[in-house]
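A.B. asks: Could you put the whole structure together from the sequences, leaning on the hints where they help?
Each residue of the sequence shown is one higher than the one before, starting from 1 at the first, in the UniProt record's numbering.
A couple of the hints might just be wrong.
[Said to hold, decoys possible] Here are the simulated EDC-like cross-link-like pairs (lysine to aspartate or glutamate), alpha carbons at most 20 angstroms apart as the crow flies:
| hint | residue 1 | residue 2 |
| --- | --- | --- |
| 1 | Lys96 | Asp70 |
| 2 | Lys55 | Asp84 |
| 3 | Lys22 | Glu43 |
| 4 | Lys55 | Glu83 |
| 5 | Lys97 | Asp84 |
| 6 | Lys38 | Glu51 |
| 7 | Lys63 | Asp23 |
| 8 | Lys97 | Glu51 |
| 9 | Lys97 | Glu66 |
| 10 | Lys38 | Asp25 |
| 11 | Lys13 | Glu39 |
| 12 | Lys3 | Glu51 |
| 13 | Lys96 | Glu52 |
| 14 | Lys63 | Asp25 |
| 15 | Lys3 | Glu52 |
| 16 | Lys96 | Glu66 |
| 17 | Lys96 | Glu43 |
| 18 | Lys96 | Asp84 |
| 19 | Lys96 | Glu83 |
| 20 | Lys96 | Glu51 |
| 21 | Lys38 | Asp23 |
| 22 | Lys60 | Asp25 |
[As the list claims (entries may be wrong)] Distance ranges between label pairs, derived from CB positions:
| hint | residue 1 | residue 2 | range |
| --- | --- | --- | --- |
| 23 | Asn37 | Leu88 | 18 to 24 angstroms |
| 24 | Thr86 | Ile137 | 31 to 37 angstroms |
| 25 | Phe14 | Lys97 | 28 to 34 angstroms |
| 26 | Met40 | Met1 | 18 to 24 angstroms |
| 27 | Glu83 | Gly34 | 27 to 33 angstroms |
| 28 | Asn61 | Gly12 | 32 to 38 angstroms |
| 29 | Asp84 | Gly30 | 19 to 25 angstroms |
| 30 | Glu66 | Ile42 | 20 to 26 angstroms |
If you are wondering where the hints come from, they were derived from the structure by calculation, not from laboratory data.
Small disclaimer: the values here were computed from a predicted structure and weren't measured.
Positions of the beta carbon are idealized from the N, C-alpha and C atoms, including for glycine.
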Amino acid sequence: MIKINFDTSFHGKFVCYGLMAKDADGFVHGGCMGYVNKEMQIEWAELLAMEESIKFARSKNWKIVELESDCASLVNRFNRRQEDLTMLGHRVREIKKQTYFLFRLILIGSHVVVIRSLMLFVLGPKQIIILLILIWIIRRISMNFFK
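C.D. replies: Here it is in structure tokens:
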């Protein structure tokens, strides 16, 4: 099973997103980042990152994918059994329909502090430092890109 962790950040009017795919052994299978020059709310930006994660997984023909997000609102909307009548809820349902026949999708919400402490036990300090450096580099590149 492949696990894709996605996140977004804002820099002025730009919304930047990034994702990283790895397997159960921690081997990184790829990732990507992008941006949109459009003002949007955090939930919509996280939804954009989720859609890009699904497109990335589809392009790799992965059948079982687990998505991780730190956006509790998006996770709750996705896992909710009741119908959400908002525009965001409608878009989440559309995304679910697209993914139903392609691969199994599990969305897990987690907080960054919890992720880092758990990863310390699972991956070890060396891999954590490498991962944090990669995240820092991606953020720096996106900040310098939009100057």
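A.B. asks: The structure should be examined with respect to each hint, and the outcome stated for every one.
C.D. replies: Status of the hints after comparison with the structure:
no.: 1; hint: Lys96 x Asp70; in the structure: holds (19 angstroms)
no.: 2; hint: Lys55 x Asp84; in the structure: violated (24 angstroms)
no.: 3; hint: Lys22 x Glu43; in the structure: violated (24 angstroms)
no.: 4; hint: Lys55 x Glu83; in the structure: violated (24 angstroms)
no.: 5; hint: Lys97 x Asp84; in the structure: holds (15 angstroms)
no.: 6; hint: Lys38 x Glu51; in the structure: holds (16 angstroms)
no.: 7; hint: Lys63 x Asp23; in the structure: holds (13 angstroms)
no.: 8; hint: Lys97 x Glu51; in the structure: holds (12 angstroms)
no.: 9; hint: Lys97 x Glu66; in the structure: holds (16 angstroms)
no.: 10; hint: Lys38 x Asp25; in the structure: violated (37 angstroms)
no.: 11; hint: Lys13 x Glu39; in the structure: holds (5 angstroms)
no.: 12; hint: Lys3 x Glu51; in the structure: holds (15 angstroms)
no.: 13; hint: Lys96 x Glu52; in the structure: holds (14 angstroms)
no.: 14; hint: Lys63 x Asp25; in the structure: holds (17 angstroms)
no.: 15; hint: Lys3 x Glu52; in the structure: holds (14 angstroms)
no.: 16; hint: Lys96 x Glu66; in the structure: holds (14 angstroms)
no.: 17; hint: Lys96 x Glu43; in the structure: holds (16 angstroms)
no.: 18; hint: Lys96 x Asp84; in the structure: holds (13 angstroms)
no.: 19; hint: Lys96 x Glu83; in the structure: holds (13 angstroms)
no.: 20; hint: Lys96 x Glu51; in the structure: holds (10 angstroms)
no.: 21; hint: Lys38 x Asp23; in the structure: violated (33 angstroms)
no.: 22; hint: Lys60 x Asp25; in the structure: holds (18 angstroms)
no.: 23; hint: Asn37 x Leu88: 18 to 24 angstroms; in the structure: holds (21 angstroms)
no.: 24; hint: Thr86 x Ile137: 31 to 37 angstroms; in the structure: holds (36 angstroms)
no.: 25; hint: Phe14 x Lys97: 28 to 34 angstroms; in the structure: holds (29 angstroms)
no.: 26; hint: Met40 x Met1: 18 to 24 angstroms; in the structure: violated (31 angstroms)
no.: 27; hint: Glu83 x Gly34: 27 to 33 angstroms; in the structure: holds (31 angstroms)
no.: 28; hint: Asn61 x Gly12: 32 to 38 angstroms; in the structure: holds (36 angstroms)
no.: 29; hint: Asp84 x Gly30: 19 to 25 angstroms; in the structure: violated (31 angstroms)
no.: 30; hint: Glu66 x Ile42: 20 to 26 angstroms; in the structure: holds (22 angstroms)
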